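Residue numbers (our numbering), protein chains in the order written: chain A, 1 to 309; chain B, 1 to 354; chain C, 1 to 277; chain D, 1 to 278; chain E, 1 to 413.
Just so you know, these hints were derived from the structure itself, not from any lab. Nothing here was measured: the structure is a model prediction, and the numbers come from that model. Honestly, I wouldn't trust all of these hints.
[Said to hold, decoys possible] Capping the alpha-carbon separation at 25 Å, the derived lysine-lysine pairs in DSS-like fashion look like this:
| # | chain 1 | residue 1 | chain 2 | residue 2 |
| --- | --- | --- | --- | --- |
| 1 | E | K149 | E | K386 |
| 2 | B | K344 | D | K67 |
| 3 | B | K346 | D | K75 |
| 4 | D | K33 | C | K157 |
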Amino acid sequence: MAFFLETLFGGLMTGMLYSLVALGFVLIFKASGVFNFAQGAMVLIAALSMARFSEWIPGWLGIDNMILGNILAFAASAVFMWLIAVAVERWVLRHLVNQEGTTLLMATIGISYFLDGMGQIIFGSSVYSINVGMPKDPAFILDGVFEGGLLISLEDLTAAVIAALLVATLAFFFQYTGVGRALRAVADDHQAAQSIGIPLNRIWVVVWTVAGLVALVAGIIWGSKFGVQFTLATAALRALPVVILGGLTSVPGAIIGGLIIGVGEKLSEVYLGPFVGGGIEIWFAYMLALVFLLFRPQGLFGEKIIDRV
Amino acid sequence: MFYRENGQFKSTYRADQQIFPIRQDRVFILGLLAVAVVAVPLLATPYFLQAILTPFLILSLAAIGLNILVGYCGQISIGSGAFMAVGAYAAWNFGVRMPATPLVVQILLGGVFATLVGVVFGVPSLRIRGLYLAVTTLAAQFFVDWAFLRIPYFTNYSSSGNVSVPALSAFGLPVQTPAQRYLFVLAFVVVFALLAKNLVRGAIGRQWMAIRDMDVAASVIGIRPVYAKLTAFAVSSFIIGVAGALWAYVHLGSWEPLAFDLNRSLQLLFIVIIGGLGSIVGSFFGAAFMVLLPVLLTNVPHFFGLSLAVDTASHIEHMVFGALIVFFLIVEPHGLARLWSIGKEKLRIWPFPH
Amino acid sequence: MSQSMHQRRMGEVILDLRNISLSFGGVKALTDISFDIREHEIRAIIGPNGAGKSSMLNVINGVYTPQKGEILLDGIRFSKMNSRRAAEMGIARTFQNLALFKGMSVLDNIMTGRNLRMKSGILAQALRLGSAEREEIAHREFVENIIDFLEIQAHRKTPVGRLPYGLQKRVDLGRALAMEPRILLLDEPMAGMNIEEKQDMSRFILDVNDEYGTTIVLIEHDMGVVMDISDRVVVLDYGRKIGDGAPDDVRQSPEVIRAYLGAGGAAPAPAEPGLAK
Amino acid sequence: MTTNEAAATQAPDILLNVNGIEVIYNHVILVLKGVSLCVPQGRIVALLGANGAGKTTTLRAVSNLLKAERGDVTKGSIDYRGERIDKLTPADLVKRGVVQVMEGRHCFAHLTIEENLLTGAYTRSLSRGELNAELEKVYRYFPRLKQRRGSQAGYTSGGEQQMTAIGRALMANPAMILLDEPSMGLAPQIVEEIFEIVRDLNVRERVSFLLAEQNTNIALRYADYGYILENGRVMMDGRASELAENEDVKEFYLGVSSGERKSFRDTKFYRRRKRWLA
Amino acid sequence: AEQFIPLLAYRTGSFAPLGIPWADGKMDYLKLVNERDGGINGVKIVYEECETAYATDKGVECYERLKAKHGGASGFDTQSTGITFALTDKAIVDGISIETVGYGLSQSADGSVFKWNFPLLGTYWTAADVMIQDIAKKLGGEDKLKGKKIALVYHDSPYGKEPIVLLQSRAKANGFELLLYPVTAPGVEQKSTWLQIRQSRPDFLLLWSAGIMTPTAVREAQAVGYPRDKMYGIWWASSETDLNDLGQVAKGYNGITIHNSADHGRVHEDLKKYVYAKGQGSDTQGKYVGSIAHTRGMMISMLQVEAIRTAQEKFGKGKHMTPEQVQWGFENLNITQERLEELGFAKLMRPVKTSCSNHMGDDWARIIQWDGAKFNIVSDWYQSNKDFVQPLVKELGAKYAAEKKLEVRNCAG
Ligand SMILES: Nc1ncnc2c1ncn2[C@@H]1O[C@H](COP(=O)(O)OP(=O)(O)OP(=O)(O)O)[C@@H](O)[C@H]1O
Ligand SMILES: Nc1ncnc2c1ncn2[C@@H]1O[C@H](COP(=O)(O)OP(=O)(O)OP(=O)(O)O)[C@@H](O)[C@H]1O
Ligand SMILES: [Mg+2]
Ligand SMILES: [Mg+2]
């Protein structure tokens, strides 16, 4: 029982981390109809910039207050992500208005290559660390109920709370503001959005900046947990089933999807894995998403795919 | 001036239905084939044959397969690496367990197994569409990766999970030197490209495209989505499976599931999109872009006598590569094949601007 | 002469719709609608926007499943149609919002209409065996006739996406004709056309109707066209049937005038251009 | 330029001036071969012509939506209120009061009808109350939309979408509307209504219109001035009333020959027309 | 004359943190030989690096590109198990040696089957066997292994799977229970693995990881409270770069090292003097010289150079050696303690001697332990127990030869 609860809890926490990455996908998709394959690369470059700036800035400015250093590094990284957003809009998206989904998808793959290369040239390709003071040691609760207590990772818990806050804010933004509405309009039809005066350029910069910030937060959390290295970019792959399970266009979907996938994957690995040799969690997550989609092809909370003649 | 179809009238539909209705094109293609079969093996260095042309051809073949699914039938798949793997491992298992099976038959059987698996993973496409489907194809990718890593039967209980093929020969001829390998692969590619072209310009090809462009209208015409989608998955995975077997047998010789991982799938998808969705030649252009460009990029600094550290070079290569993808998409979102045909159109009216 | 043709045109009932009801969530697209379609006739469906006309066609060829009611086709009873079955039984249609296959050439689009009649297998096609080749050519000839008939020879190899709207509508018709249908459902085939093009289109429709005896169900907002070429008219209004009969009768019906034609709209507009401002 | 002179003498206050533009799609397809026209302040100008003549392309060139279609204006210039607008973004144009209603509706399928309308007011900073007033205005014009306000636009009927598209443009409070085939797919009385709305806006709010329309008959009834495009060139232009009297226009665009409307049933026996030379 | 040594490397991708110092070390030693000795008996070494990103197909491309340059490559250190597999076949055709120090196919120690492969100094079977020996020693004898639980957490790839057969035969003989936990590459997500470990509580844990998987494993061990001093990392998982960021968290973590690469020797001083002092060092950041991975890189190049030198002794000093001749050099290495002294490697490793039938040479390994800031040597030298290793080498070698229809050389003659 205790073990089950621990697994469950571990799954929920992992799920929240996935949600955070998934959120980046959903944001850009919802607001511009682009399936942003570069989200993983953005997480990596954001984490790299945070790691390196928090190392460099105290050196440049001669401060040794860790908190101040981290705050400055965060600010610098945020600016960096904004610059990327501007560049992406200026050199890529602007020229691909009104193109099909596959074309845009491909372009984001190009962007992801570019960012991978650029990030490592600027910031290096070794392992770096981010230390924002996340609690690392395990905590044990309910000592009285279970023998040895229940293992809870405080780090995961902190991360989950941050993720939840972020998601709630963004969900609100989309549903209840005029800008949110405009973003959704852009996703539906670039040309029509232009025709009524929605400035695509500005919208895209905003969206990519926000997605960049989400990537930064995700990068900091993942990075402080695992260290910052090229491999972080592949974390995005773990978030894909979350995105489609929750629905490509749904911010709350990213959360619920994340929890389902996180729990499903951990339970499957722990309880089914041993019978088939283990290592099943990745494909299990995808299969889980697939099975859900068979019942709801647009994901749990996604918008229905409209086709009428 | 030279590229005009003036005066080339067609009096029968048969003539109009040739693959290359314009004479200059036919001459060009025959010439190209002659060069590929005769001149290239004689003139190209072993390195060029083995490390560039052979993978280029095999990836073109796989891309043709994927193009049938993605470009013609509109079902985006990021799981094609899995079907390559199935092709490779199935062929290998026939080779190991029934050593008498001729090489070509082994490879084709690899294709057959890939077809079976492809159809199974194609079934969700009847309900799931678009990007959702694309992501679910990753289920195939990860499942197959896992299966070949974890199920020892498939690797004939090899302790490391790595498998390899003995020296190859087909029809009593050795397939060993770079030139032999190249020609062996070339034969497959030419034959399959032709078959694929026949399919896509025939009735079944129209069904696929109809499903891609407007599935409701297609079913109103009497096209069965089930049949169209599953045949697309089948044909596509067959070709991809054969390409996978060739990749394993001829290019690598020894491999592990990693050779067909997600990166391979993505690479194929790039090839297809950059080359041009729904275009057989596009698959070749795309593969050339993907295979040649990185090699060029690594070698360019040498030409200029620059010596960059390999890691910087590789990062710059990534950046240039990414930038070029974006550049070509901006110039022509429909891929290199479209660029090519626009070029031809311009050539046709040259020297007039319109 | 046109009188005699009228005689020949009206045959037996081949499609009978009984008490069809269809709703989407709260929206009642069709409420208890019944009418029939006779062989060889031109049957028009008119009604204001959102009345349920397109939905009716969608029910007939199985794109929508009605909640209630039944469809009798050739005396066979269906509670719902299936698109493929409908196609096999000779129902073809065009679409209001152009549902052409955008990436394909005009020729290929129309060739898809022959799909049900093409029998050669995948392998034969891949190898281009003689039989497959001959089949392809035979159908190509048929399609070329349609292309000639619709006067779009010049655009044969153009991708349809690049054609202007009016020509796309013709291709849409061509694709339906290629199915050699017995019943042809046309959803606003003349929207977005000028008079001349409408005349062409009317000519095509009448030709098909006369020469092949094809039954035609036509949705159209141009009353001139409807009154001139249809034999019987059904009028829908917000999902209900408010009129059914010969064009002249329908035109007089006060309810139809109120709901659809508008006070001055009873007469076909072009008769009296009334350009004076 | 006779075109511009004619318009100029008639109304000196020219709002939009299109000067000899040439448009190429995809670098190879030449569609407009030197089109010039002008829209005087407060007038309704109709752009007529057969399918593929280039009406839509002309409107796109003005509203700068060509880029998205991979088209380019390669020659000529476009002025709005005396300012070159070729380089502005569509959003800038909307800010200056030029709004296009696109052919083929282009509603935001996943947004409800009301949300569609609200996005129309994106460029204006309105209070909640003002927004509601604007909405009410549109609903007054199109009561059907009010009934369906909560439905996703993608599921509504063709006509409802057309109304939504027009209503959405009205929400931007434009000074000039580029209207592409407003009558397409609408029931006759709605078509009348829409043109009444056009006239209403024109008279009461001094909105100018450039109107591409296949329904020549009604377009000439409401327009002040008309241009007839054929194959990417302006073949004829003049006051609407004059055009309507022109024999060729009557025959080819109004379906009236020798003073009588032909029945569509008879066109079957009516031999094919002579075409103006392209 | 000049002698060409191709350098395959992965300075990018998931394993870059290990690949960078490794590649630097390999290159640095060649620079040193050129600078200090003017080459090998006067034959200048030319080298060219090629980036594989740890991908097999890129590795194959590099191989094809470099194999024939400058009169033929002297040997390939592939740095990847996958590339080794792919090149093993090609090497037979092309006649080029594949040098896999501490990795590669474990059965390729059998030179009679694998003429061109040289898994010098030790294989994964060496590592696994030595770890078990050390555990047994801690427990107080091999008989104490009985009934214990030993887990293997491994990178799910041929690399990670290599030790399994040996551990299985050990488990059978020693009576311990072997628990297998594959971790899907690249290994950032290990939560479920460690939850299972928390539940099964193995007595010891062997870690066959690489790149980011290593620090992640240690962090997860911390998160579930698994004692670090019960963990044994394979040599690719026991470099400073793997643990630097973890500091105290990893305290107690055991690693294994081939020979003695944790220590420093005179060669390091030479390197500083002849290469780094002139600003020609490969490690531009000055972070890696002296680290385990860098030292191991130097060791690999040293063996390569010594093979060439050995060949020159037979085929002609100061001459260019063909790949075939270099192979002879590899096969007849005899690096004695004195020779090691001369080379400045005396403190780093022990003598090696190869032969036609034994391509691995002598496999010496030691256990090191992380004290929170650096690794310290905590054990004496071990050699693998040939009773377990040798039968497997024979069995799997024979299987390979049968599959490939290879002719087995007769080494006795
Ligand atoms: N995106 C495009 N790419 C290529 N050609 C195009 C494109 N859009 C339009 N065309 C071509 O430009 C010509 C003019 O088209 P346009 O849409 O302007 O005509 P139109 O007068 O509006 O016709 P309609 O009344 O049918 O809407 C047509 O021949 C059409 O094929
Ligand atoms: N798939 C659907 N989901 C939801 N509502 C629908 C759907 N299809 C049609 N409707 C609604 O049903 C009603 C009837 O639509 P339909 O398209 O049949 O109208 P129509 O008579 O063809 O109108 P128009 O002349 O404007 O084309 C409309 O209000 C429409 O919004
Ligand atoms: Mg309709
Ligand atoms: Mg138009």
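Is the Cα-Cα distance between B:K346 and D:K75 25 Å or less? holds, 19 Å
E:K149 paired with E:K386 [C-alpha distance capped at 25 Å]: holds, 23 Å
Distance restraint between D:K33 and C:K157, which requires alpha-carbon spacing of 25 Å or less: It holds: about 24 Å lies between the C-alpha atoms, which stays within 25 Å.
CA of B:K344 to CA of D:K67, is that 25 Å or under? Given pair B:K344, D:K67 holds - Cα atoms ~23 Å apart, limit 25 Å.
When the structure is compared with the earlier hints, no violation turns up for any of them.
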